[in-house]
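Visitor: So the sequences go chain by chain: A and B.
By the count of the numbering used here, the first sequence reaches residue 1139 at its end, each step adding exactly one.
By the count of the numbering used here, the second sequence reaches residue 1139 at its end, each step adding exactly one.
By construction, these hints were calculated from the structure, which means they are not laboratory data.
Be careful, since some hints might not be right.
[To be verified] The list that follows gives simulated cross-link-like pairs (lysine-lysine, PhoX-like), each with its CA atoms no further than 25 Å apart:
no.	chain 1	residue 1	chain 2	residue 2
1	A	948	A	872
2	B	1052	B	948
3	A	872	B	1052
4	A	948	A	1090
5	B	872	A	1052
6	B	890	B	948
[To be verified] Covered, in the sense of this in silico footprint (three residues per stretch, anywhere, with C-beta under 8 Å from a C-beta of chain B), are these stretches of chain A:
no.	region
7	864 to 877
8	993 to 1001
9	1104 to 1118
10	1123 to 1136
Built from N, CA and C at the ideal position, the CB exists for glycine as well.
Protein chains: 2
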Amino acid sequence: MDLTSYLTRQRELVEATLDRLVPPATKPPARLHAAMRYSLLGGGKRLRPILVLAAAEAVGGAADPALPFACAMECIHTYSLIHDDLPAMDDDDLRRGRATCHKQFDEATAILAGDALLTLAFELAVRPVEGARPGVTLELITLLAQAAGSAGMVGGQMLDLDAEERAVDLVELQNIHIHKTGALIRAACVAGGQLGGGDAEQIRALKRYGEAIGLSFQITDDILDEVGDARVMGKNTGSDRKKSKATYPFLMGLTRAREEAERLTEAALGFLEPFPAGAEPLRALARFILSRTH
Amino acid sequence: MDLTSYLTRQRELVEATLDRLVPPATKPPARLHAAMRYSLLGGGKRLRPILVLAAAEAVGGAADPALPFACAMECIHTYSLIHDDLPAMDDDDLRRGRATCHKQFDEATAILAGDALLTLAFELAVRPVEGARPGVTLELITLLAQAAGSAGMVGGQMLDLDAEERAVDLVELQNIHIHKTGALIRAACVAGGQLGGGDAEQIRALKRYGEAIGLSFQITDDILDEVGDARVMGKNTGSDRKKSKATYPFLMGLTRAREEAERLTEAALGFLEPFPAGAEPLRALARFILSRTH
Chain A
846 MDLTSYLTRQ
856 RELVEATLDR
866 LVPPATKPPA
876 RLHAAMRYSL
886 LGGGKRLRPI
896 LVLAAAEAVG
906 GAADPALPFA
916 CAMECIHTYS
926 LIHDDLPAMD
936 DDDLRRGRAT
946 CHKQFDEATA
956 ILAGDALLTL
966 AFELAVRPVE
976 GARPGVTLEL
986 ITLLAQAAGS
996 AGMVGGQMLD
1006 LDAEERAVDL
1016 VELQNIHIHK
1026 TGALIRAACV
1036 AGGQLGGGDA
1046 EQIRALKRYG
1056 EAIGLSFQIT
1066 DDILDEVGDA
1076 RVMGKNTGSD
1086 RKKSKATYPF
1096 LMGLTRAREE
1106 AERLTEAALG
1116 FLEPFPAGAE
1126 PLRALARFIL
1136 SRTH
Chain B
846 MDLTSYLTRQ
856 RELVEATLDR
866 LVPPATKPPA
876 RLHAAMRYSL
886 LGGGKRLRPI
896 LVLAAAEAVG
906 GAADPALPFA
916 CAMECIHTYS
926 LIHDDLPAMD
936 DDDLRRGRAT
946 CHKQFDEATA
956 ILAGDALLTL
966 AFELAVRPVE
976 GARPGVTLEL
986 ITLLAQAAGS
996 AGMVGGQMLD
1006 LDAEERAVDL
1016 VELQNIHIHK
1026 TGALIRAACV
1036 AGGQLGGGDA
1046 EQIRALKRYG
1056 EAIGLSFQIT
1066 DDILDEVGDA
1076 RVMGKNTGSD
1086 RKKSKATYPF
1096 LMGLTRAREE
1106 AERLTEAALG
1116 FLEPFPAGAE
1126 PLRALARFIL
1136 SRTH
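Looking at chain A on its own, in the form it has when it is part of the complex (with noise of 0.2 Å):
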């Protein structure tokens, strides 16, 4: 297949989503509908909301109906990384190839933005999806709050924090993404696979790819900051070095940390395995994250 034009086509359907969803920077208090539009429509691969259509498809639902909660899911993600670049955090200057949000606007307004857009998030997460069986869209709230709460990514966030500047070991470094990272990504592929009316076998399995792909893109990630240069991050890179964080690249060497993005991926494709046609998109996503570090 062919994942460039698939992934274009997504993004479009995700942003132009998103742009119908998010109220216009015209309505007030306009500075706040500004901030939330400029981060949230401002680039960015949009890897969480496209897993959720892909894995709707995977189990052979429509990919139409999972919008607004991959919207949702892009909202939780723009929060987090507003919050994150914030001064008392990361301080990043650059964010998705421009200033972050509190560089562009200032640091209450982008806190401010950062709330909203988590809130948001859940008023766009509850909508009613067509051809759901009932009892879904709460199972997915729970899923959705627990993957982005103190057990799932702000947690890991947490966690990131407490390992500065102090020696971490593999083990806790995975805890880090497994939490930071991974259990949001996990979530979209859970979620798009019961929207789109998956089984339990399937929804297991689904689970077990995201919680494969998710370690494998924060890997490639790591290994992009170390190798990769600004222009084609759209964000600095080499900071976790200047900032002494723990890596897989510094944790493993380049080449065992590239070896286990691989087998990562492996395992994904795995669990796919017993996945119809209609996963095509999910086994290329999974060799495309892989890919961005050759």
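Chain A is fixed; fit chain B onto it per the hints.
Guide: Showing chain B alone in chain A's frame:
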């Protein structure tokens, strides 16, 4: 009725439920959970959750099934205080009689504790409510998200920041407060009515009651900031004046501000006229809010 013992009983009920529903500080990430619990369980009037319970009782429902949603309201309120107190926002050191979250922990932890409490609110709000009409949970999550988000509380905070250190008239001040504090107080009353099984007319009356006491609460808060002392308030007073913030006493004078709060309290009591005896706590609460300034 004896409001003091009613408030004590309900506050203890809310606090015991919060203590049970929020992860223990021993569970990793321990620092995050400790910060969440520090701010959430460190005192407070518990006005919003008590309004949920009292509104459920006012329409003849039970308070107990409304407890998780009531706690969700308190999570939202507490997160907003943590973020509002941050150096980039109101920069306050004292809250509920103790050091603010970022003073007790640090800024990054406070940002994350707020994020986690906001997320937890939706995890609690989605819990199935025994005996409630189907669909009510989804409606209440929409209500909560809209009251807390850019069209409600967060939007009000943005309007408040926009208005800092410039002249604000009464219409603008009212608009700030309708969003910043009013939206959540109104939502608490509506949600309680819905959880208690109220009919459409009762819900409409509770909404107008909530709007009236929300404004009366803000006016009396402004009066207390002007005339109260820090020991009673549990936060620094005179801070509005120090920041040249517009307040009701500043714009109307103390006497007219008190009269306006009295007028709103009478209106609130008027909306409750058709309600049975179960609405007595709501009536007492409206009078209590007013009495704080005498």
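Visitor: Run every hint past the structure and note whether it holds.
Guide: Each hint, compared with the structure:
no.: 1; hint: A:948 - A:872; verdict: holds (22 Å)
no.: 2; hint: B:1052 - B:948; verdict: violated (37 Å)
no.: 3; hint: A:872 - B:1052; verdict: holds (24 Å)
no.: 4; hint: A:948 - A:1090; verdict: holds (23 Å)
no.: 5; hint: B:872 - A:1052; verdict: holds (24 Å)
no.: 6; hint: B:890 - B:948; verdict: holds (21 Å)
no.: 7; hint: 864 to 877; verdict: holds (count 5)
no.: 8; hint: 993 to 1001; verdict: holds (count 6)
no.: 9; hint: 1104 to 1118; verdict: violated (count 0)
no.: 10; hint: 1123 to 1136; verdict: violated (count 0)
When held up to the earlier numbered hints, the structure conflicts with 2, 9 and 10 and fits the remainder.
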